[in-house]
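> Kindly produce the complete structure, drawing on both the sequences and the hints.
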Amino acid sequence: MLDINELALADRAAVYFFHHYDPELCYSALTYCENSHVIEAISQTLPVDEADCGTWSGKDNNALEKRADFLVKAIGDRQAVEKLIVDSDSAAAFKAELQRENGNKQPIYPKTTKNAANQSPNIETDIGTICPTSEPIKPALSSFLGDGTPLKSEQVEALQRLNEDYTHVTIGGKHKVVMKKPCQTNGVTHSFEDLGQFRNYFLHRERIEGHSLGAAWLKWPSKHYKPDGVGFYPVPQKCPNTVFNLFMGFGVTAKGGDVSPYLYHLERVICAGDQVSYAYLLGWLAHLVQKPDEKPSVAIVMKSVEGTGKGTMVEPLARILGPHFTHINGHGQIAGRFNSAIANKLLIFADEVDLTDYKVADKLKGLISEPTISLERKGIEPEPLPNYGRFIFASNRDQVIKAGLRERRYLVLEPDSLHAQDMAYFQRLRAWIANGGAEALLHYLSQLDISTFSPYKAPTTRALLDEKLASLKPSEMYLFTELSSEKPFNGANRLYVRDLVDSFRRWSEEQTGEVIKPSSAQTQMGRLMARAGAQVQGRSDRGSGKFYDLCDVDIKAGFAQIMGQNVRDVFPD
8 MLDINELALA DRAAVYFFHH YDPELCYSAL TYCENSHVIE AISQTLPVDE
58 ADCGTWSGKD NNALEKRADF LVKAIGDRQA VEKLIVDSDS AAAFKAELQR
108 ENGNKQPIYP KTTKNAANQS PNIETDIGTI CPTSEPIKPA LSSFLGDGTP
158 LKSEQVEALQ RLNEDYTHVT IGGKHKVVMK KPCQTNGVTH SFEDLGQFRN
208 YFLHRERIEG HSLGAAWLKW PSKHYKPDGV GFYPVPQKCP NTVFNLFMGF
258 GVTAKGGDVS PYLYHLERVI CAGDQVSYAY LLGWLAHLVQ KPDEKPSVAI
308 VMKSVEGTGK GTMVEPLARI LGPHFTHING HGQIAGRFNS AIANKLLIFA
358 DEVDLTDYKV ADKLKGLISE PTISLERKGI EPEPLPNYGR FIFASNRDQV
408 IKAGLRERRY LVLEPDSLHA QDMAYFQRLR AWIANGGAEA LLHYLSQLDI
458 STFSPYKAPT TRALLDEKLA SLKPSEMYLF TELSSEKPFN GANRLYVRDL
508 VDSFRRWSEE QTGEVIKPSS AQTQMGRLMA RAGAQVQGRS DRGSGKFYDL
558 CDVDIKAGFA QIMGQNVRDV FPD
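Just remember that the working numbering sits 7 ahead of the position in the sequence shown, which is counted from 1.
These are computed hints drawn from the structure, not numbers from a lab. Note that beta-carbon positions come from the ideal geometry of N, C-alpha and C, so glycine has one too. Do not rely on the hints blindly, as some may be mistaken.
To be verified - Dumping the calculated DSSO-like pairs for lysine-lysine here, alpha-carbon to alpha-carbon at most 27 Å:
1) Lys-494 - Lys-553
2) Lys-553 - Lys-563
3) Lys-90 - Lys-187
4) Lys-372 - Lys-494
5) Lys-188 - Lys-90
6) Lys-90 - Lys-73
7) Lys-66 - Lys-80
8) Lys-80 - Lys-181
9) Lys-366 - Lys-298
10) Lys-480 - Lys-372
11) Lys-102 - Lys-73
12) Lys-464 - Lys-480
13) Lys-553 - Lys-524
14) Lys-298 - Lys-245
Said to hold, decoys possible - Label pairs and their computed distance ranges (CB to CB):
15) Ala-81 - Arg-212: 39 to 45 Å
16) Lys-73 - Arg-212: 32 to 38 Å
17) Ser-458 - Gly-545: 56 to 62 Å
What follows is the structure, encoded as structure tokens:
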């Protein structure tokens, strides 16, 4: 449904002029329109030049009916269209304003030829495309309120100042005003206020033509209004004109400089000298600033003793990303229902986390890899937004994540403690950050060649293997423990199923305190041995029963394959 009361003067006038077939004035109004439904409906059939009479030409009753029916079909609201096509007051007010702005010259009209432009203007084109001039025409500020009440120049200026900090949007089916507000941690943030609450902010200010400043701004055709809601477009050129972009740019300006202190910290400390991990992490960071709207499916996990510099590694990134970086403690905000804290972020640094809980791990998997996130704000219907957030987790725990056997969603690092508690080292590093380090790092990362880099597959590290081992199921841990012993299965070449089941049950009771039923133990071990490549032989009613011939299969290699690892990594001896 089209809310007529929220339409700008130009939108109402454009519908009127289109219906009454006044192409010149209709084009002039179209350049100032704000409502996407009106722009799309009219631009589909409006003639491109004076020589083209257009599909719906003529002013007889038959032509008027055709154009009215077309508008109803295109806009989808008969009641609104019927009111707009007889709104001669809005048409007259717009025409009077246009004549004042143009010094009583003829209305703006595109001077093109059919060969140069044989299609209708598109909603995504700018005003300069619709009305070609040496420079694109910027819509003039309206000197009227929406009801046609004239405004003084100082009143227009007062309303224009509100445009610097406020935008009227439709979000979650409700009308809101987006406000820019200062934030101690991120500099600037957005707040969404009800229209009534917004009006109250200005009750102490001078009134405009009988309205409070806030109420007058809401009625002003030149207010910032985005009828198609909000979006998050880290590449602003991709944001539609009718959508409010939550992206506010980077926090610093790139500037060439020395980045060796940070690269040393990244390579020698964070990656502990592992060149493969270092190359991936550097590419991951460059991908963040060069392609912010392409989400990788890998998160960074750092686990080590306190004081190794995990937080310091993130500090210049926080400065680079400004309001699109957030630092949270624990996993509460990640696992909670209202995730607006991470909805418009490019990097989330979660410190002191424990992600071993299955519920947290399941939600985290979606946040790391899913392309959209459901933006849930109290009092507003949930709506999807692009999910471009990258994650860096830090912890002092031995086990941080619940890693699946073939886990590839994490680059798990164990930073070196070589500079732990080295105050002089960290003072030098923080001095570098405070004196242009973030600007230099942004310049370096934005220039780094990542043409052959893929952020979607992280290298497998020993730290990730440790996380996988810590996440094994009891049957898997038993088999790993047995295969890691000096003589697996007491050196037997033929392993009887009953002996395997009894051994697993004893191990489970000793290590976990759980007593497993024989039938359950046999099912678990049977499935696991089959996955490792061992096939059961024999018959249960003959001799000692069914068995596995260990001479025919390399159980260690099969188990390593289950984990997605090289056998030498899992069983180094």
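> Does each hint fit the structure? Answer for all of them.
Now the hints, each set against the structure:
{"no.": "1", "hint": "Lys-494 - Lys-553", "in the structure": "22 Å, holds"}
{"no.": "2", "hint": "Lys-553 - Lys-563", "in the structure": "21 Å, holds"}
{"no.": "3", "hint": "Lys-90 - Lys-187", "in the structure": "36 Å, violated"}
{"no.": "4", "hint": "Lys-372 - Lys-494", "in the structure": "38 Å, violated"}
{"no.": "5", "hint": "Lys-188 - Lys-90", "in the structure": "39 Å, violated"}
{"no.": "6", "hint": "Lys-90 - Lys-73", "in the structure": "16 Å, holds"}
{"no.": "7", "hint": "Lys-66 - Lys-80", "in the structure": "20 Å, holds"}
{"no.": "8", "hint": "Lys-80 - Lys-181", "in the structure": "24 Å, holds"}
{"no.": "9", "hint": "Lys-366 - Lys-298", "in the structure": "31 Å, violated"}
{"no.": "10", "hint": "Lys-480 - Lys-372", "in the structure": "19 Å, holds"}
{"no.": "11", "hint": "Lys-102 - Lys-73", "in the structure": "24 Å, holds"}
{"no.": "12", "hint": "Lys-464 - Lys-480", "in the structure": "25 Å, holds"}
{"no.": "13", "hint": "Lys-553 - Lys-524", "in the structure": "19 Å, holds"}
{"no.": "14", "hint": "Lys-298 - Lys-245", "in the structure": "13 Å, holds"}
{"no.": "15", "hint": "Ala-81 - Arg-212: 39 to 45 Å", "in the structure": "40 Å, holds"}
{"no.": "16", "hint": "Lys-73 - Arg-212: 32 to 38 Å", "in the structure": "48 Å, violated"}
{"no.": "17", "hint": "Ser-458 - Gly-545: 56 to 62 Å", "in the structure": "57 Å, holds"}
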